[in-house]
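A.B. asks: Each chain, written out:
There are 2 protein chains.
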Amino acid sequence: MTLVIDCHGHYTTAPTPHNDWRDAQKAAFKAGAAILPYPRISDDLIRETIETNQLRLLRERGADMTIFSPRASAMAHHVGDAAVSLEWAQRCNDLIARVCTLYPETFIGVCQLPQSPTNDLANSVLELERCVTELGFVGCNLNPDPGGGHFQHPPLTDRYWYPFYEKMVELDVPAMIHVSGSCNPAMHATGAYYIAADTIAFMQLIEGDLFRDFPTLRLIIPHGGGAAPYHWGRYRGLADMLKKPPLDTHVMRNVYFDTCVYHQPGINLLANVIDHRNILFGSEMVGAVRGVDPETGHYFDDTKRYIDALDITPEARHAIFEGNARRVFPRLDAKLRERGL
Amino acid sequence: MTLVIDCHGHYTTAPTPHNDWRDAQKAAFKAGAAILPYPRISDDLIRETIETNQLRLLRERGADMTIFSPRASAMAHHVGDAAVSLEWAQRCNDLIARVCTLYPETFIGVCQLPQSPTNDLANSVLELERCVTELGFVGCNLNPDPGGGHFQHPPLTDRYWYPFYEKMVELDVPAMIHVSGSCNPAMHATGAYYIAADTIAFMQLIEGDLFRDFPTLRLIIPHGGGAAPYHWGRYRGLADMLKKPPLDTHVMRNVYFDTCVYHQPGINLLANVIDHRNILFGSEMVGAVRGVDPETGHYFDDTKRYIDALDITPEARHAIFEGNARRVFPRLDAKLRERGL
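Chains as they are written, first to last, in this note's numbering: chain A, 1 to 341; chain B, 1 to 341.
Hint data in this document are derived by calculation from the structure and do not stem from the laboratory.
Please read all numbers here as calculations on a predicted model, not as lab measurements.
Ideal placement from N, C-alpha and C gives every residue a C-beta, glycine not left out.
Possibly wrong hints are sitting among the right ones.
As the list claims (entries may be wrong) - Each computed EDC-like pair below joins lysine to aspartate or glutamate, with the alpha-carbon atoms no more than 16 Å apart:
1. B/Lys243 x A/Asp172
2. A/Lys335 x A/Asp172
3. B/Lys244 x A/Asp293
4. A/Lys244 x B/Asp293
5. A/Lys243 x B/Asp81
What the hints assert, rightly or not - To give an idea of the interface, some chain A residues facing chain B are shown, with a C-beta separation under 7 Å as derived from the structure:
6. Pro117
7. Asp120
8. Trp232
9. Val289
With the hints as extra help, turn the sequences into a complete structure.
C.D. replies: Structural data, given as structure tokens:
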């Protein structure tokens with residue numbers, strides 16, 4: 001039997017008081033006023049937002065659990081300052097922890113980081129440690145462009161990021177490379193910014209030698225790896241022109257793509273081009289694209305159907321649904337083992 | 001018989017004196033000095049750079065002609081000011097015109113535009129008109145991010161671009177949406193910036209209603225449409241969420257993708273997902289990826305092989321190699337008809 005583990009789910013349906021508090025926090029920052037106390041949110045309200053959305057869809061679609069993180073588009077690291085970002089990240093992560101406590105068999109946490117455009121990653125190191133050691137989280141979402149849409153940060157291979165990688169390695173947790181909302185009117189968040197940032201991140205990893213310095217670091221590039229699998233020949237050729245080793249050894253020992261690609265031909269290409277050991281099942285559900293595909297009659301983001309339809313070996317399917325997630329998230333694997341799974 | 005028309009070729013092998021003059025022009029701008037006179041470049045030197053490169057490869061690979069433009073990565077609209085950009089564009093376009101005069105059966109011109117980040121498109125309108133009416137060019141390369149890598153320009157659907165679209169419609173020429181070199185250390189030009197910009201441009205077109213205002217405008221998104229075909233389900237779903245018509249009618253009456261995708265699975269996906277009427281053969285040759293694919297023993301950018309290997313109808317293949325190019329570039333079609341083709 002295979003567990004179906006969705007590596008990419010966001011709490012996009014967080015309770016209204018949580019979102020209202022965020023609005024108040026932003027307004028207080030603008031006005032230079034004191035921040036309101038965070039509201040009391042009942043377990044029942046959390047249950048309602050989860051059971052009518054993520055949990056319902058998970059069951060309807062036949063998945064078993066979700067690696068769950070705060071809403072990515074609302075991380076908004078460019079809003080406010082470092083203190084605003086820190087408190088917002090902590091509130092979001094604490095809320096995820098409550099979901100995981102209510103549904104310990106179904107949701108396991110991945111944290112938002114308190115990044116801030118002009119700051120270093122010291123706060124993010126501390127928050128990662130808190131989430132992993134105190135809240136039982138198994139990974140994090142690392143924003144490669146905390147400025148929100150103009151790509152003004154150094155590449156992921158730059159030493160700016162190294163203190164954070166050191167903590168990731170120490171804690172043995174991976175990061176999903178995930179931007180947040182776009183404050184650039186030329187760049188739609190989920191249609192342009194996300195996919196562009198994924199592609200840019202992958203090329204940064206090709207240009208650098210990050211995994212020489214961090215041989216056990218593991219990064220997930222979401223949304224099917226951006227454009228990378230579709231342009232795999234370009235990337236193989238560019239690695240060669242840049243005098244790098246072949247992609248298999250240069251980056252693909254450390255980089256994983258999820259399956260948030262919302263049609264069968266895209267998933268077919270992903271599974272055809274990328275080694276199945278580098279593919280993690282993900283749906284981004286409830287997320288970017290919420291409608292039903294008129295061509296299939298099924299939800300665009302019901303990505304399990306596309307994997308089910310792949311002509312691959314049972315071993316490859318097991319790896320995509322379960323095995324790779326347990327390998328990339330060893331702390332998840334440990335918890336599953338505790339449960340005899 | 002089908003002509004094989006490569007819609008995407010750059011003069012990446014321009015004569016050294018041309019490139020040297022550009023260096024001198026940039027240095028003069030920096031120093032506030034007078035610009036050196038443009039050097040005399042002999043026909044023989046031009047012939048040598050073409051015959052040992054583009055023409056040789058065209059013949060070896062079995063293509064008939066190339067829609068030819070200045071080196072995209074060297075347009076560098078962010079360098080200097082509007083006057084620097086104007087003179088550089090004119091020099092580059094005049095050089096393309098000389099190639100087309102020397103090889104009128106093989107090369108037909110597409111112009112670089114004298115865009116400049118803080119300027120409007122008045123100079124570009126004039127240069128387009130000059131190139132089309134005086135030099136016999138059939139299209140242009142329009143840079144959606146003349147700032148060079150931070151995406152600070154308004155989306156392509158913004159009225160900023162309208163005066164240029166009006167001239168394109170009047171002259172009945174298409175534009176390839178093509179960024180230039182990256183001045184962003186986080187963004188490799190051909191591996192990250194090009195593909196990200198293609199993807200961003202496509203999403204801008206989905207978000208707007210440009211073709212309601214310009215029903216005959218034709219735009220080519222190069223490099224296989226960036227990530228768009230791989231994420232076609234996402235884009236169909238986002239159009240639906242944005243209450244836009246289906247992509248077929250909303251954008252795909254006016255938007256075309258080339259075949260600069262450097263491996264067979266990518267081209268297979270492109271041809272599977274995108275109507276063959278929207279695909280134009282292109283190689284970007286001599287361009288971004290110049291090596292031989294060790295998996296096939298052939299050049300990565302020998303994209304004709306991938307089209308030849310597609311399981312498609314003869315009509316579809318004819319459209320991709322010739323028919324679509326003649327429809328999208330009516331001035332090319334007219335010239336071919338003059339030659340009895």
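A.B. asks: Hints first: check each against the structure and report whether it holds.
C.D. replies: Here is what the structure says about each hint:
1. B/Lys243 x A/Asp172: Violated, at roughly 44 Å.
2. A/Lys335 x A/Asp172: 14 Å, holds
3. B/Lys244 x A/Asp293: Distance ~14 Å between B/Lys244 and A/Asp293 Cα, so the pair holds.
4. A/Lys244 x B/Asp293: 14 Å, holds
5. A/Lys243 x B/Asp81: 35 Å, violated
6. Pro117: Nearest chain B Cβ about 13 Å off; hint violated.
7. Asp120: With Cβ-Cβ at 17 Å, over 7 Å, it is violated.
8. Trp232: Status holds, d = 5 Å.
9. Val289: Holds - the Cβ of A/Val289 comes within 7 Å of chain B, reaching about 3 Å at its closest.
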